[in-house]
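Chemist: Kindly produce the complete structure, drawing on both the sequences and the hints.
From first to last, the protein sequence lines are chains A and B. Counted the way the numbering used here counts, the first sequence spans residues 1 to 457. Counted the way the numbering used here counts, the second sequence spans residues 1 to 292.
None of these hints come from the bench; they were simulated from the model. Heads up, a few of these hints could be off.
Each pair of labels, with its calculated beta carbon distance range [as the list claims (entries may be wrong)]:
no.	chain 1	residue 1	chain 2	residue 2	range
1	B	Lys246	A	Ala360	53 to 63 Å
2	A	Ser44	B	Ser121	49 to 59 Å
3	B	Glu100	A	Glu125	46 to 56 Å
4	A	Ser3	B	Thr102	46 to 56 Å
5	A	Leu150	B	Lys51	41 to 51 Å
6	A	Pro121	B	Gly159	41 to 51 Å
7	B	Lys74	A	Val378	49 to 59 Å
8	A	Lys428	B	Gly159	39 to 49 Å
9	A	Gly390	B	Ser121	53 to 63 Å
10	A	Phe456	B	Lys74	25 to 35 Å
11	A	Phe456	B	Gly159	13 to 23 Å
12	A	Lys41	B	Pro240	12 to 22 Å
Ideal placement from N, C-alpha and C gives every residue a C-beta, glycine not left out.
As a plain string of letters, each chain reads:
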Amino acid sequence: MESMLDDTLFVLLGTVLGFISGIIPGVGNTIMILSSYPLLKDASLLQMLIYYLAIVSSSQFSGSVVATVFGVPGESSSLPAVIEGNRMFHRGVGNFAISNAALGSVLGAFVAVVAVYSVLPFAIELIKRFYNNNVQMVILILATTSICVLMGKSVRQNICVFAIGILLGLVGTNYVPNYVFLPQIIPYETFPLLLTDLPLFPIIISCYVFPVLLQTYSMFSGFDAKQKYVDNNRLVEHIKEFAKNISSSLRGSVFGCFIGLVPHIGSSVASNLSYAIERRFGLNHKQYNKNGDIKTLVAAETANNSTGLVGLLPLILIGIPISASEAMLLGYIDINNYDINYETTVESGMFETIVIWFIAINAVSFLLAWPLVRYVNVLQKINIKHMLWGTGIALLALTFYLGYKNFEAVYHMTVLVALLPLGYWLRKAEPMILMIAFILQDKLFASMHMFYTIHFG
Amino acid sequence: MNKLLITMAFTLLAFLPLSANAQKPILDVTIPSSNKGNSWAEGNMLSDALKRMGYDSEVVHTKKCVNNKNYMSKDTGRPAIFVRSAGRYVKDESRNCKIEITDDNFLAVFYKRHQTMCVRSDASFENMEQFLNGKTRITVAVTHSSVDGIFDNLSDQTGVRFVPVKVKGSKNIIKSLVAGDTDLMYSGFTKREIGTDTINCFTTSADKSIGGRVPMNKLFPTWQLNETGRIKYFHGVNIPADRLAKIREDLVNITNDVKVKPYLAKTFMTPGSEIVNGRQVFDKLVATLQAK
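Modeler: What follows is the structure in structure tokens.
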């Protein structure tokens, strides 16, 4: 009973914080998960997973509100909402854009549950029969290669960022293969704590949060929103409008379920591809509205939310994250020494609980989104510069606190400060690539080393 | 006057538990490893056993060797112990985390745990000769902390190359074997190995057969590790000289504790109290591990 109560609190908190992360520009899911470390450090595996799902799902609802009203994408998956939603907002029907995106998101979540349950038995059977080190190595190489090829503007720059992440991950003692990295160059004698590896939290702050906050700041410079959000329509009118677009929503759901599994960019590709296909469909049938098209918006937003649960499958089944926020979550799961795979999640019966919570989270988010959207105009009064400074200072204090708790405050702060110049440079790159490389480095190298030993050793 | 008496009584009551606790000898248990797995469970079990023996004992989770070393260098005012295996000692040395063993800090041997070798239970394993027959190379999942070249001698003896495949964590050793990454696994003989029905552990490093498992010294008579188990000892931290003898005695007797004794018996471990010349046995094992 007590555990159930704790789980409920995690879900409620995750839902509220996810809502905030979607609605406040620049915060984002990854930063929200990151800031949640004090909460997650003693949490159970189930609590970590449902908390994560609550943040990811609820932020989808509020994220589309910001994209529609302000025309600012919280994440790359919100681009269709920025284009179509914002156009609808400017012609006075932004309320329908928001309500249909929310209803589409709910439908997408339900379709995702059905899709996941359909493939789960086959997926587990496949893993049991064929998942060994060779397969794991191939998945890790494909996942890491895909982020270097698919993300950002320059593959060469991505490879460089990836290599830096790997190098940072190598510092200290490595276990498989077992060795200390560059003992002649790195002053382990003078700074013995370096032997314990570079601490995750300060690295995330310097090399992910700092550049992302800088990127967000530049995105919002010159931002000005004068038009107010109003909604004078009744609930039934919104539902009737959605009923007209339900086929677009279902198409988006199917895309989301398939494409959600593409590493790191699943939700972004699903959302944008759904949008592109629905737009082509609309143009061909002369239904596309150039002043803001609701069908394309609904398809994109539904696809976006379908990826939430589907995208979590690789992490839940084989412990491999396919997005930056999942990588962060895996980092915390590792710190808490939990194993995450189909045995600990599905065969333990935990997955049913996760799915029930996922449905509840979407229902609660939907119910929250509607009344709260009326207050979106308040956001226009927020000073983005102050908010970003506040986020930065809060995370700095959190780094010090966590270091202090581990008797390593000076070490944590030194690492953070030493890596800030790198973070500054990363504002013009994809900092997510560095984080994924840093977190997956030991798994990737262990797999490759095992592969070599098994076949050629 | 009454108020004064009541105040004094309450003050006395408030300090009573503190003074009672203060009279207890202090002996904490530091755990320089993760908070799951055998080391964590053993550390907590020992701390509880020490409490039952009348000590004021707390668990200090130092997580890593380097942190443990830092903790040891601090004057905390609380003497402590930690448990370390011979293999871990060798590995710590090679990783520049040197915590020297002296006569004063080597308090007693905790236990000797036997090693085992296992194959997949569907491997239709009859005996080692049949298993090796026709093979020129065998991959063996071992823990990442095992020293290099442990199977060289075994390869020479059998004419089959035993290739160690290092895996992080004893749980993953079983997984590697079951997934088909390796042909064999070499690991500690624990509850996990005994209780996993997808593997068949056919031999033991004990000098006599255990549960029908053949001793390794019969299978591989000239392998230098055929009787080598995992020896763990109690390392003292900041223990005053005048308390050493008593603590040593208590740590030898701790293997008879109500919780510790069944823990050792369940996985056929030899308690330190039954190992004669524990320090010499430990040093010999370290020398064997360092030689190869």
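Chemist: Hint by hint, work out which the structure violates, then give me just those numbers in ascending order.
Modeler: 2, 5, 8, 10 and 12
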